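Novice: Below are the chains, spelled out letter by letter.
Number of protein chains: 2
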Amino acid sequence: MLEAGTFYRENQSCLFRVWAPLCKQMVLHLVSPEDKEIEMTPQAGGYFVADIPNLPVSTLYYYRPDNQQDYPDPASHFQPEGVHRPSKVVNHHSFSWTDQAWRGIPAESLVIYELHVGTFTQEGTFEAIIPRLQDLKELGITALQLMPVAQFPGNRNWGYDGAYPYAVQDSYGGPEGLKKLVDGAHANGMAVILDVVYNHLGPEGNYFHAFGPYFSETYKTPWGKAVNFDEAYSDGVRDYFANNAVFWSRYYHIDGLRLDAIHEIFDRGAVHFWEYVGQKLRRESMRTGRKCWLIAESDLNDPKVIRSNDTGGFGFDAQWLDDFHHALYVLIHEGGKERYADFGAIHQLQKAYEAGYVHSGEFVKARQRKFGKSSAGISGEHFIVFNQNHDQIGNRIYGERLSMLVDFDALKIAAGALLVSPYIPMLFMGEEYGDETPFYYFVSHSDEELIKMVCKGRKEEFSAFGNCDDAPEPHDISTFKKSVIAWDIARKGKHKILRDWFKKLLRLRKTHPALQSLNKNHIWCNVAGQNGLALYRRSEGEQHLLLALFNFGPETVKYTLPAGTKWGMLLNSDDPCWQADFNGAEPATAADDVKKTVSVKPLQFIILEQQNQDITN
Amino acid sequence: MLEAGTFYRENQSCLFRVWAPLCKQMVLHLVSPEDKEIEMTPQAGGYFVADIPNLPVSTLYYYRPDNQQDYPDPASHFQPEGVHRPSKVVNHHSFSWTDQAWRGIPAESLVIYELHVGTFTQEGTFEAIIPRLQDLKELGITALQLMPVAQFPGNRNWGYDGAYPYAVQDSYGGPEGLKKLVDGAHANGMAVILDVVYNHLGPEGNYFHAFGPYFSETYKTPWGKAVNFDEAYSDGVRDYFANNAVFWSRYYHIDGLRLDAIHEIFDRGAVHFWEYVGQKLRRESMRTGRKCWLIAESDLNDPKVIRSNDTGGFGFDAQWLDDFHHALYVLIHEGGKERYADFGAIHQLQKAYEAGYVHSGEFVKARQRKFGKSSAGISGEHFIVFNQNHDQIGNRIYGERLSMLVDFDALKIAAGALLVSPYIPMLFMGEEYGDETPFYYFVSHSDEELIKMVCKGRKEEFSAFGNCDDAPEPHDISTFKKSVIAWDIARKGKHKILRDWFKKLLRLRKTHPALQSLNKNHIWCNVAGQNGLALYRRSEGEQHLLLALFNFGPETVKYTLPAGTKWGMLLNSDDPCWQADFNGAEPATAADDVKKTVSVKPLQFIILEQQNQDITN
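Protein sequence lines correspond, in order, to chains A and B.
All residue numbers for the first sequence refer to this note's numbering, where the first residue is 342 and numbers rise by one.
All residue numbers for the second sequence refer to this note's numbering, where the first residue is 342 and numbers rise by one.
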């Protein structure tokens with residue numbers, strides 16, 4: 342119920358509240374501008390509070406539990422000097438929001454662009470993103486998704502080592518910078534989704550142990566002890582994280598949260614943590630009128646994740662559909678089989694389109710067990726699909742993007758497969774123009790032991806997939822610098838062509854009635870041989886029918902079109918204007934008539950449109 | 342899919358199948374009557390098989406995985422020489438079942454009698470129980486529930502240290518003995534429920550590690566590593582335990598399983614283990630026509646346990662309702678507050694009657710967290726209630742039954758509270774006549790270290806509740822012998838009176854229309870002061886209304902009866918015939934007229950019946 346943190350009021354007083362249920366005493370140590378110690382007052386639920394009038398907003402402070410030593414605030418809103426130094430009070434009333442007219446966007450209009458703040462621009466800040474919003478908007482992007490921005494050690498990190506879930510990374514521009522970016526995105530009609538991590542806390546700068554039983558002895562995660570969501574004293578831990586979800590909506594106007602690896606959150610309690618988070622967010626939404634989506638990264642293939650609480654589900658609005666990636670990737674990249682031994686059949690892509698999860702109960706070699714449950718019938722807005730994301734790229738020892746693994750035609754067919762899907766598509770920064778910068782794994786810990794462990798761990802993890810001798814050192818600053826994307830090349834040559842291809846597909850997706858319905862009654866597929874797929878998309882009113890034809894193989898595939906209807910060509914990846922070396926003007930595609938059979942060449946992608954209403958299907 | 346175990350056929354051949362997914366080789370070592378080694382054949386799913394024609398049914402055997410050493414069969418049906426010695430082939434076709442006409446009983450007619458085979462009779466065998474069935478039937482019992490009978494080390498154990506889930510304890514009489522008991526129970530119109538343990542395996546005689554990855558590294562239980570229900574190779578483990586559930590129904594005609602501590606079974610998989618077990622049992626039931634209830638011991642207070650799979654539940658038919666016990670016990674025993682600090686208010690008993698779980702989301706001191714979810718509206722046949730069970734008695738260092746803690750009137754009101762409840766009642770052996778034998782904790786391990794650990798562990802566990810210096814030693818044979826119940830005293834004095842009281846209440850429960858409906862629309866309560874409770878039970882057709890009046894306090898409670906109706910007295914615990922020293926003939930209660938107010942004395946329990954239809958509620 343109670344919230345931990347600092348609550349700076351318009352009358353310049355500030356309430357400090359910290360949760361430390363096993364501590365007898367708590368001192369608030371103001372260190373700047375004035376050095377002062379204040380004994381805090383215990384409150385029900387294991388909290389300590391101090392209410393300080395006339396507090397300078399630049400105040401830096403520590404907490405001192407049970408007279409041990411000074412620690413930063415676990416619920417700090419800002420760590421201007423990093424994870425080991427004092428916390429800073431933030432006045433959330435001082436920012437001048439201009440997004441009063443922002444009403445959000447419907448889930449089915451989402452086109453997400455995942456970016457890493459540190460490597461999206463040379464500056465590596467929130468503010469440096471703002472000038473690029475117009476460009477993304479023109480492309481057809483409707484939501485940014487920021488990799489985690491919670492304070493992490495040093496100034497280079499993917500963000501999953503954050504140790505202050507409420508503090509906005511200082512080197513990215515801190516709280517003020519993030520607010521400016523969100524306000525700017527809303528001004529451009531774009532939502533902002535934030536990646537947050539509730540399944541573990543980063544190893545460096547993590548002083549949680551001094552405050553309370555944040556960790557469980559019962560469950561283990563790949564990163565060590567699991568967070569305590571269901572044992573003694575878990576109420577405070579649950580509130581700490583659930584309030585964090587509300588915090589981003591309330592103070593930063595964030596439109597959605599992407600919850601990292603929800604399968605590593607263990608909760609046997611009768612009210613599951615995700616149900617609790619959902620309840621809190623709905624209450625906040627009622628108050629503010631702002632919706633905040635909950636998006637899961639889930640390795641469960643369990644429809645429970647996206648089912649409502651009423652029907653025993655976790656109640657997520659959507660989840661990442663990794664199976665779509667795997668099914669598609671292995672079809673276009675020969676080497677994909679090494680990583681995804683259980684994928685590679687064309688009917689798996691069909692299943693990904695028609696049902697969602699590809700693994701829905703069958704034995705999966707990589708897991709050595711039966712895995713998943715059918716998601717057939719679940720509407721498409723509950724799934725987010727992608728051809729690449731930070732993990733699929735960065736969790737390769739050499740950080741190769743798809744553009745570094747497959748050729749131009751494969752990039753085009755992959756983009757087509759993504760953007761005609763009945764799901765919410767997500768791009769990874771630079772994907773739209775085929776950026777060829779690697780996305781390496783990088784850190785900037787200050788703990789030497791930790792640095793060694795990270796390097797060793799990465800090499801061990803990836804040694805199965807090839808030689809790791811030349812692997813970039815995560816801690817080397819050049820590893821980070823080499824990962825900064827090459828935004829400017831998007832204006833030139835094949836990069837411009839690819840970007841135009843994405844833009845064309847996104848416009849079609851936005852405007853064509855047959856691509857609007859994410860209801861699974863309006864989509865079906867036929868496979869043709871080992872490598873061909875025909876995907877039908879029908880509009881809600883059944884007046885419009887699109888047919889996307891794919892050929893992922895090395896031989897031409899012949900499709901016989903359904904009888905009794907005329908088809909026009911809407912898009913053809915083999916048109917001269919979509920070739921990497923095309924030099925002409927703005928590409929245009931005429932709606933040609935199509936005969937009864939269509940030959941689709943290797944890696945060709947075609948969209949046909951029904952021209953009359955005689956189709957019986 | 343595949344089942345591990347031995348399958349002796351009517352043609353005297355026998356299929357041996359063992360699961361050992363990481364083993365390269367498996368030898369079947371027949372040790373008697375003939376000594377012979379047979380190399381087994383690997384099968385899909387990590388199994389090895391050998392099909393032996395003309396096998397003597399008395400055959401003893403071991404398995405030898407990867408040429409290490411001989412071990413008994415983890416899926417052994419019989420360990421005639423204990424947990425460390427060879428397994429024995431069992432011919433399940435040889436028993437002559439006489440229960441062809443047995444059709445089971447409806448759940449709402451269940452009155453369960455929990456018993457421990459070793460201490461229910463002097464003999465401590467299945468067969469010795471059979472002569473007592475008639476007596477239990479006359480009392481009103483409709484189902485036996487046997488504490489676990491899976492082979493455990495030595496010959497004295499509660500059963501929760503079993504290391505062979507498929508083998509029937511040799512000292513109880515083995516497979517033949519259990520079949521005779523079940524057949525005898527069915528002949529007496531009684532069902533048999535078996536307590537089974539799938540959350541851990543006993544420490545002694547547990548050779549599972551030699552065969553496969555039965556245990557998980559991710560979760561911990563109070564007894565060590567959790568069973569692997571969701572990680573690599575878990576398919577074989579899931580089948581091992583799920584097939585065990587089917588096994589009892591198929592070969593022993595068991596009518597229900599009581600699943601021990603289901604909250605210690607961890608499964609993140611999309612098809613939860615309980616859903617999987619339910620599927621298998623339903624399939625078996627379709628085949629045989631025999632139903633097998635699934636009853637959970639759950640420490641979750643989560644209605645998901647008893648909700649159907651369709652609505653995201655585990656699909657148990659029923660679960661133990663510990664909260665009913667705690668709520669009632671603390672009201673009748675002053676010392677109860679020590680163990681159940683979160684109980685003791687009369688409205689908690691009201692909530693237990695009306696809704697089920699007493700803790701449904703509130704903060705619980707003993708757990709230091711919010712606990713549970715409401716079970717309001719869930720029909721009563723999904724809950725099993727008791728005033729005592731093996732845990733509530735035996736998990737006291739001195740093993741005191743209720744009869745050793747409270748006086749005769751308190752036993753009577755407790756029986757009344759239990760048997761007018763809208764739930765399935767369960768008695769613990771001897772409870773019906775107020776047996777005063779303790780039910781101690783006893784073991785007969787052969788491992789000295791283990792024996793010391795058990796003694797130390799028990800003392801540590803219970804030291805919070807008083808002096809443990811005189812605690813009986815679990816391993817001492819006299820501890821076991823002192824726990825054998827004093828069945829014969831049921832014929833005499835106060836024991837006979839109490840037994841008659843139970844019998845009277847059970848007859849009323851069976852015959853009175855107002856006690857038939859377990860639907861929560863037909864029950865409600867009013868509390869009167871700190872210690873009085875009025876419980877209304879209405880029949881399905883609303884023609885009959887009972888009113889049970891309780892006084893758990895030291896002062897008389899006056900109840901004003903609803904106006905506009907006449908009430909007759911059905912049962913009064915203060916009648917001379919229900920006094921501990923009553924010497925008269927078979928007791929009889931006249932349906933007296935009752936006036937507008939009723940005074941209920943301390944620990945008095947009264948049942949009134951509505952005499953006309955004018956009541957407005």
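Treat the hints with caution; some may be incorrect.
[Said to hold, decoys possible] These stretches of chain B come out as covered by chain A in the derived footprint (C-beta under 8 Å, 3 or more residues):
id, region
1, 553-566
2, 609-617
3, 632-646
4, 747-754
5, 821-834
6, 852-863
Hints in this document: simulated from the structure, not taken from any laboratory.
Bear in mind the structure is a predicted one, so any value in this text is a computation, not a measurement.
The beta carbon of each residue, even a glycine, is placed where N, CA and C say it ideally should be.
Novice: A separate judgement is required for each hint: does it hold in the structure or not?
Specialist: Consistency of the hints with the structure:
{"no.": "1", "hint": "553-566", "in the structure": "holds (count 4)"}
{"no.": "2", "hint": "609-617", "in the structure": "holds (count 4)"}
{"no.": "3", "hint": "632-646", "in the structure": "holds (count 5)"}
{"no.": "4", "hint": "747-754", "in the structure": "violated (count 0)"}
{"no.": "5", "hint": "821-834", "in the structure": "violated (count 0)"}
{"no.": "6", "hint": "852-863", "in the structure": "violated (count 0)"}
Consistency with the previously given hints fails for numbers 4, 5 and 6, ordered from lowest to highest.
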